[in-house]
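Asks: Chains F and X are the protein sequences, given in the same order.
Here our numbering is used: the first sequence runs in plain steps of one and ends on residue 369.
Here our numbering is used: the second sequence runs in plain steps of one and ends on residue 363.
Take the hints with a grain of salt, since some may be wrong.
What the hints assert, rightly or not - Heads up, simulated BS3-like pairs for lysine-lysine below, C-alpha to C-alpha not over 27 Å straight-line:
1. X:LYS236 with F:LYS173
2. X:LYS305 with X:LYS338
3. X:LYS236 with X:LYS215
4. X:LYS215 with X:LYS101
5. X:LYS313 with X:LYS338
6. F:LYS173 with X:LYS39
As the list claims (entries may be wrong) - Selected chain F positions facing chain X (in silico; Cβ < 8 Å):
7. LEU78
8. THR213
9. THR221
10. GLN224
11. ALA237
12. VAL241
13. ASN247
14. ALA248
15. HIS257
16. GLY260
17. VAL261
18. ARG265
19. ARG300
20. SER306
21. ASP307
The hints are simulated quantities; they were obtained by calculation from the structure and are not laboratory data.
Using N, Cα and C, we set each Cβ at its ideal position, and we do this for glycine too.
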Amino acid sequence: MSTHNAARRQAQGLSCAQPRSRAPLLMLLGMVLVGAFLLDLATGSVMIPLRDLLAILTGGTPLKAAWADIILKFRMPKALTAALAGAALGVSGLQMQTLFRNPLSGPYVLGISSGASFGVALVVLLVGVTGSTWLVDLGLAGDFGMALAASLGSASVLLLILLFARKVPTMTLLVLGLMFGYAASALVNVLLYFSVAERIQTYISWTFGSFGGVTWRQMWVLAPAVIFGLAVAFVSAKPLNAFLLGETYAHSMGVPVQRARFGIILSAAVLAGSVTAFCGPISFLGVAIPHLCRMLFNTSDHRIVMPAAALLGGSLALVADLIAQLPGSQVVLPLNAVTALIGAPVVIWVILHKQNLRSSFAS
Amino acid sequence: MSEHVLETQDLSIGYQQSKIPAHVVAEHLVLSLLPGEMVCLIGPNGAGKSTLLRTLVGMQQPLSGHVFLQGEDVHTLPSRKLARRLSIVLTNHVDVGLLSAHDLVALGRHPYTNWSGRLAPADEAVICWALEMVGAADLASRSVSELSDGERQKVMVARALAQEPQVIVLDEPTAYLDLPHRVELMRILRDLVRKTGHAVLLSTHDLDLALRSADKIWLLCDQGTLYTGGPEDLVLNGAFESAFNGAGITFDRGSGFFNIDAEFAGEVDLDGEGLYTHWTKRALKRAGYKVNKGGRDAPLRVDITHNNGDTRWSLCAKEETSVYSSLEDLVAALRQESETNHG
């Protein structure tokens, strides 16, 4: 032991490549997020000049009094939702990709969104079958009812997954999530089959995804859930780094594998579940953002990639929302169409350009 | 320092499944590792080397008995504490994603860093020291995915070293390496135990290298018998022969090599000394011939002649003599000869 410490002390003088600091790039991403946030507030069917926007945000009076209402009552909760949802999807997608060692994993691999879809389908489509009586009376057919149904749906899948998470190997869990997803989709199909056209329309528009449905009242549920999920996720950055070497090495490095995995799945599921409950199943962002972050920072170190995924995820969700509004027009495109249409070419370009996807997930 | 850093107490290893009686791999093992000692675990495939290693590092429960690491049972020691005393290097090639060699070695600091995994200057110093010890300091900023198998394995050893353990256990670390890199890795590990006082235990299939570099050999045989001792002692007392002699292979105590038992094709007379005679003998044995020294009137006879730097092999068979310019041609001719004779 003494010889080995001496050797180590000798090594203090050695120079050794220090990792170059990624802090400036992270700060830049932070500024991009703020910029996208302000831009999303300013644009929409009515364009509001930046000067007036800042006046509203700082408690001053804008040129037109109605603008204050537009910003504070509608655009602010929408922009906040977009930022939170993007961050949540990016981070949970990153967690799933590392945990399952699979580049195609995303926030929904555990069947969370399928559970939410089933909940929503149950409410929306059953209203059609039962002749829109008691559910409407209870106020359960509105937006909030759909959010509640989606929450219950994703929460039940989440509980099932967590129940199994401690008992079965990681890869089995992946297959279980897939099976839950198929089962839920099958049930949704049965409900769709027996439903009427206008109800189906309502269900379909929920599956398009939207950041606009969240009111300030609902924000009190969404924001704490996402913040809780992000907090647990950030604590999981260290064990996730160990998982890069596989569970055997992680265990040998003192990582409590079972507990760490439980924390990772819990946070990823809360993040994905709460976003799906309030915004619908938003595709693409959760799979693409982790890849973009790893390529941007050229590392798999979660202590860097995870904050990056939160910042970039928020920014991209805001940009997607901004584009979906078609600024200056009254038309609103489906959010999922925008994320995939704009996002897919970007990701394809980055993958072909950087060619380091193979290094992140070599076979 | 005679204190054992790792020792077993009446250890039985194997697999226990409910309902099925336990499959015992080996019983009543009494093993120990000293600081500054490099031990090679060898044995035929399926003898249970991996089971033994997994049990020793606490990844698999023993059927009975205990493994003590500095006096504490590895199977009850909290994993973070265990990680500060024992680290591992596995056979399989892990894809770690986009990490530099430095980042990979930094993962070894896990049991020492706080919840966020932030590396203190002291941690950085250990990382540099670990890379330096395996001669991989110049690889620090390279991406792990760009490293060759040999370089990568050195970095994996550095990672194990960064855990500052007392014991490093390596499961077939040389499996995917070519001969020069295998030799280099063994040399690195030997230097390591000498300089740092670590105890190193590694399993390997490379008997020759194990015989040349280990301080001690653990030889695990098929029936769960375990011989321990100095490499040369195990050769002299016949342990190697009994462990590995089997179908088509015999261990030659004299040379320390394995001989491949060839089918008996005939006898050849061969005279002479030196390099050419030695390798000619090897070629003839490879072709399945018994080589007689000094004219015992075998049906075949080989003579080697050197002329102006050219070497010729002449083969006399039934008063016919043919001359060949390479051993390859000689062996081919012998093959033809035996085929016409036997069938």
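Asks: Which hint numbers doesn't this structure obey?
Replies: When the structure is compared with the hints, numbers 1, 7, 8, 9, 10, 11, 18 turn out to be violated.
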